[in-house]
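Note that my numbering has the sequence shown beginning at 4, numbered continuously upward.
Honestly, I wouldn't trust all of these hints.
Result set (DSBU-like, lysine-lysine): computed pairs, CA atoms no more than 30 Å apart in a straight line [to be verified]:
1. Lys327 with Lys266
2. Lys538 with Lys574
3. Lys574 with Lys530
4. Lys530 with Lys561
5. Lys466 with Lys327
6. Lys391 with Lys538
7. Lys523 with Lys367
8. Lys530 with Lys557
9. Lys276 with Lys266
10. Lys276 with Lys327
11. Lys360 with Lys391
12. Lys360 with Lys327
13. Lys391 with Lys523
14. Lys276 with Lys235
15. Lys367 with Lys466
16. Lys391 with Lys466
17. Lys466 with Lys561
18. Lys282 with Lys340
19. Lys441 with Lys557
20. Lys360 with Lys276
21. Lys330 with Lys276
22. Lys530 with Lys466
23. Lys340 with Lys327
24. Lys466 with Lys557
25. Lys523 with Lys574
26. Lys441 with Lys327
27. Lys391 with Lys441
28. Lys330 with Lys367
29. Lys391 with Lys340
30. Lys187 with Lys266
31. Lys557 with Lys538
32. Lys441 with Lys559
33. Lys561 with Lys523
34. Lys282 with Lys266
35. Lys574 with Lys466
36. Lys282 with Lys367
Hints are computed from structural coordinates only; laboratory data are not their basis.
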Amino acid sequence: MQQSTVLFSIPLDQQVQQLTIFADKIQEQLINSGVTIPQVTQNYLNELKQRINQISEGVKKSVEERDDLLSLVEISQIVNSSLELNDVLQIVMDTIIRITGAERCFLMLRDENNELQMRMARNWERESIHPSEFEVSKTIINRVVTDNQPVLTTNAQEDPRFGGQHSIVSYSLRSILAVPMTAKDKVTGVIYTDNRIRTGLFSEAERNLLMAFANQAAIAIENARLFESVKKTLAEVTELKNLMDNVFASIVSGVITADIGNKIMLFNEAAEKILGENKEEIIGSVFNDRLSSIASPIASQIEDAKTTGAHVVGQEVVLSMPDKSRKDLVLNISPLKDAAETTQGVAIVLDDLTERKRLEGQRKMFERMVSPAVIAQLDPNALQLGGKRVSLTTLFCDIRGFTSFSERFDPEELVTILNRYLSAAADAILQYEGTIDKFMGDAVMAWFNAPIPQPDHALRAVKAALDIRDAVHALHSEFPPEMRLSVGVGINYGDAVLGLVGTESRLEYTAIGDSVNTAKRIQENSKPNQVLICKDTYNAVRDGVEAVRANPMKAKGKSEPLEIYEVQGLK
Numbered sequence: 004m005q006q007s008t009v010l011f012s013i014p015l016d017q018q019v020q021q022l023t024i025f026a027d028k029i030q031e032q033l034i035n036s037g038v039t040i041p042q043v044t045q046n047y048l049n050e051l052k053q054r055i056n057q058i059s060e061g062v063k064k065s066v067e068e069r070d071d072l073l074s075l076v077e078i079s080q081i082v083n084s085s086l087e088l089n090d091v092l093q094i095v096m097d098t099i100i101r102i103t104g105a106e107r108c109f110l111m112l113r114d115e116n117n118e119l120q121m122r123m124a125r126n127w128e129r130e131s132i133h134p135s136e137f138e139v140s141k142t143i144i145n146r147v148v149t150d151n152q153p154v155l156t157t158n159a160q161e162d163p164r165f166g167g168q169h170s171i172v173s174y175s176l177r178s179i180l181a182v183p184m185t186a187k188d189k190v191t192g193v194i195y196t197d198n199r200i201r202t203g204l205f206s207e208a209e210r211n212l213l214m215a216f217a218n219q220a221a222i223a224i225e226n227a228r229l230f231e232s233v234k235k236t237l238a239e240v241t242e243l244k245n246l247m248d249n250v251f252a253s254i255v256s257g258v259i260t261a262d263i264g265n266k267i268m269l270f271n272e273a274a275e276k277i278l279g280e281n282k283e284e285i286i287g288s289v290f291n292d293r294l295s296s297i298a299s300p301i302a303s304q305i306e307d308a309k310t311t312g313a314h315v316v317g318q319e320v321v322l323s324m325p326d327k328s329r330k331d332l333v334l335n336i337s338p339l340k341d342a343a344e345t346t347q348g349v350a351i352v353l354d355d356l357t358e359r360k361r362l363e364g365q366r367k368m369f370e371r372m373v374s375p376a377v378i379a380q381l382d383p384n385a386l387q388l389g390g391k392r393v394s395l396t397t398l399f400c401d402i403r404g405f406t407s408f409s410e411r412f413d414p415e416e417l418v419t420i421l422n423r424y425l426s427a428a429a430d431a432i433l434q435y436e437g438t439i440d441k442f443m444g445d446a447v448m449a450w451f452n453a454p455i456p457q458p459d460h461a462l463r464a465v466k467a468a469l470d471i472r473d474a475v476h477a478l479h480s481e482f483p484p485e486m487r488l489s490v491g492v493g494i495n496y497g498d499a500v501l502g503l504v505g506t507e508s509r510l511e512y513t514a515i516g517d518s519v520n521t522a523k524r525i526q527e528n529s530k531p532n533q534v535l536i537c538k539d540t541y542n543a544v545r546d547g548v549e550a551v552r553a554n555p556m557k558a559k560g561k562s563e564p565l566e567i568y569e570v571q572g573l574k
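Take these sequences, add in the hints, and give me the full structure.
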């Protein structure tokens with residue numbers, strides 16, 4: 004029993020060999036002992052030896068197949084141990100050389116144009132082969148690709164299939180084994196091994212093993228290629244996302260995107276600034292809940308965008324901020340669609356119009372003082388502190404009896420009535436593109452011919468004065484008798500200094516000079532509904548107006564009385 008245990012602890016091929024030796028010794032001992040061995044026994048012994056030899060060959064083949072299977076398992080583990088394409092290719096090449104005993108190994112793969120390209124070449128020392136040494140048989144490679152079958156030749160120099168082929172002769176190629184690499188029934192590459200010195204190096208065993216390995220290698224390479232493609236795509240997507248994040252971060256408009264369930268997916272920095280919200284807290288929340296102040300006014304438009312694909316442009320929304328301030332926003336709403344034109348959510352672009360509206364309000368106020376035509380021609384960058392001498396026609400208009408009138412009304416009602424009269428005067432001045440310098444209680448000062456030259460500036464001033472008188476008279480039909488007031492207008496023509504007066508923080512665009520003061524004195528001496536002009540103004544407009552000479556006027560600071568004319572109308 005002990006002997007049996009020892010016997011079976013020995014490898015099977017060695018056991019068969021020992022049986023052969025044992026049979027030979029029995030036969031030898033029988034002959035040496037002088038015993039005559041019957042022919043039948045001799046035949047049995049010979050048959051036993053033949054059987055043992057057959058078993059030995061079978062065992063040897065089985066051991067080789069076992070070793071091949073173990074190698075194949077090992078190879079499978081190796082080539083699938085990495086998803087990096089270059090690592091996989093190098094492992095494949097070195098493994099092929101090891102299992103076949105080849106001198107060189109070349110691996111060719113199809114590129115994106117479906118052309119077969121040399122991807123890697125290694126020698127038995129595990130070194131890369133220089134492209135100048137790519138001495139292979141293209142005939143054999145093409146046959147493998149065309150037939151999708153392996154090619155094995157023990158001596159290419161004498162193989163009738165390849166006789167006369169230039170590459171085989173010139174490169175002295177001998178043992179060659181080339182197999183296709185197949186994935187999804189398609190030849191994706193070729194493994195080509197050879198030995199330029201030894202003949203008969205490769206057998207069907209190596210061919211079968213390399214075929215099995217090639218199929219596994221093809222799958223491993225395709226997986227590595229797929230992984231490489233996914234990595235590249237992921238890198239491109241990441242780069243694109245970073246680019247989009249940078250774009251959204253750099254634009255001044257707020258951008259909010261929500262999915263089909265109104266869950267906020269994007270909230271850029273501009274939206275944070277405009278709405279005073281934290282992006283980290285907003286993203287992932289429900290738009291209707293977290294931003295109800297915006298969502299409520301545009302709820303129907305959002306639903307329309309999701310259901311019908313409608314776009315909304317210029318939707319204005321007023322927000323009441325936590326600090327009690329007001330924000331004026333304008334929103335654009337668009338559906339978000341995928342490549343199949345299926346709506347996946349909405350995008351909301353918002354802009355803060357608060358400052359713009361404030362400036363527009365200031366502009367409208369300025370336009371009440373200066374003609375829009377004049378404003379359009381002004382260059383703010385050219386305005387400087389100080390002034391320059393210009394010729395102006397200055398107009399002063401005062402509401403007569405307003406001081407005593409104000410004693411009979413409440414301040415609120417008084418302001419309303421005053422604004423109606425001053426508004427009538429301002430409209431008439433602006434109609435002729437005059438510039439309102441200032442309102443002084445119940446009076447208004449304006450001038451013509453600046454900042455834009457007006458050749459007929461004196462006539463414009465007179466026409467504006469007559470229109471003021473007519474507009475005030477028209478107001479009488481709207482007011483009860485106790486609210487009916489009149490105006491007195493004085494106009495003077497002459498030089499003045501026009502420009503910015505004040506400091507960098509507080510400026511006033513005004514006209515200063517004797518001619519301006521004189522216009523004020525003329526206005527102070529006008530009677531209700533009377534338009535008085537100086538002599539120089541009369542000379543400039545005499546061809547266009549009806550005027551009569553009034554009593555000379557003694558003005559403060561003047562050594563001689565002023566020659567004055569009363570305008571009655573236009574010719």
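Checked hints:
With a C-alpha separation of about 28 Å, the suggested pair Lys327 and Lys266 falls inside the 30 Å cut-off, and the hint holds. Distance check on the hinted pair: Lys538 and Lys574 sit about 18 Å apart at the alpha-carbon level, within 30 Å; holds. Taking the CA atoms of Lys574 and Lys530, the gap is about 22 Å. The hint holds against a cut of 30 Å. About 21 Å separates the Cα atoms of Lys530 and Lys561, which keeps this hinted pair within 30 Å; it holds.
With a C-alpha separation of about 48 Å, the suggested pair Lys466 and Lys327 falls outside the 30 Å cut-off, and the hint is violated. A distance of roughly 24 Å separates the Cα atoms of Lys391 and Lys538; the hinted pair therefore holds under the 30 Å criterion. Only pairs whose Cα atoms come within 30 Å are accepted, and Lys523 paired with Lys367 is accepted, the gap being roughly 27 Å. Of the supplied pair hints, the one linking Lys530 and Lys557 holds, its CA atoms being roughly 15 Å apart against a limit of 30 Å.
A threshold of 30 Å between alpha carbons decides the hint, and for Lys276 with Lys266 the separation of about 20 Å falls inside it, so the pair holds. Only pairs whose Cα atoms come within 30 Å are accepted, and Lys276 paired with Lys327 is accepted, the gap being roughly 17 Å. At most 30 Å may separate the alpha-carbon atoms for a hinted pair to count; Lys360 and Lys391 exceed this at roughly 33 Å. The hinted pair formed by Lys360 and Lys327 meets the criterion: a straight-line CA distance of about 18 Å does not exceed 30 Å.
A distance of roughly 21 Å separates the Cα atoms of Lys391 and Lys523; the hinted pair therefore holds under the 30 Å criterion. Annotation: proposed proximity of Lys276 to Lys235 is violated, straight-line Cα distance about 35 Å (limit 30 Å). Distance restraint check for Lys367 and Lys466: the Cα-Cα separation of roughly 24 Å lies within the 30 Å cut-off, and the hinted pair is therefore satisfied. Taking the CA atoms of Lys391 and Lys466, the gap is near 26 Å; set against the 30 Å cutoff, the hint holds.
For the given pair, Lys466 sits about 27 Å from Lys561 by alpha-carbon distance, which is consistent with the 30 Å threshold. Note on Lys282 and Lys340: the hinted pairing holds, with a Cα-Cα distance of about 24 Å set against a maximum of 30 Å. Taken as a hint, the Lys441 and Lys557 pair is honoured in the structure, with Cα atoms around 26 Å apart against an allowance of 30 Å. The suggested pairing of Lys360 with Lys276 holds, with an alpha-carbon distance near 18 Å, which does not exceed 30 Å.
For the given pair, Lys330 sits about 12 Å from Lys276 by alpha-carbon distance, which is consistent with the 30 Å threshold. Distance hint between Lys530 and Lys466 is fulfilled; the C-alpha atoms sit about 18 Å from each other, no more than 30 Å. A hinted pair counts as satisfied when its Cα atoms are at most 30 Å apart, and Lys340 with Lys327 does not qualify at roughly 38 Å. Simply put, Lys466 and Lys557 have alpha-carbon atoms about 26 Å apart, close enough for the 30 Å limit, and the pair holds.
Between Lys523 and Lys574 the CA atoms are separated by roughly 26 Å; this keeps the pair inside 30 Å, and the hint holds. With a C-alpha separation of about 33 Å, the suggested pairing of Lys441 with Lys327 is violated against the 30 Å cut-off. The straight-line distance between the Cα atoms of Lys391 and Lys441 is roughly 19 Å, inside the 30 Å bound, and the hint therefore holds. At most 30 Å may separate the alpha-carbon atoms for a hinted pair to count; Lys330 and Lys367 meet this at roughly 19 Å.
Between Lys391 and Lys340 the CA atoms are separated by roughly 62 Å; this puts the pair beyond 30 Å, and the hint is violated. For the proposed pair Lys187 and Lys266, the alpha carbon gap of about 43 Å is over 30 Å, so the pair is violated. Our distance criterion of 30 Å between C-alpha atoms is met by Lys557 and Lys538, whose separation comes to about 14 Å. This hinted pair checks out: Lys441 and Lys559 have alpha carbons roughly 22 Å apart, not beyond 30 Å.
Restraint check for Lys561 and Lys523: the C-alpha separation of about 13 Å stays at or below 30 Å, so the hint holds. Under the criterion of a C-alpha separation no larger than 30 Å, the hint pairing Lys282 with Lys266 is consistent with the structure, at around 13 Å. In summary, the hint linking Lys574 to Lys466 is supported, as the alpha carbons are separated by about 11 Å, within the 30 Å threshold. A C-alpha spacing of about 37 Å is found between Lys282 and Lys367, which places the hinted pair above 30 Å, so the restraint is violated.
The structure does not agree with the numbered hints 5, 11, 14, 23, 26, 29, 30, 36 stated previously, though it agrees with the rest.
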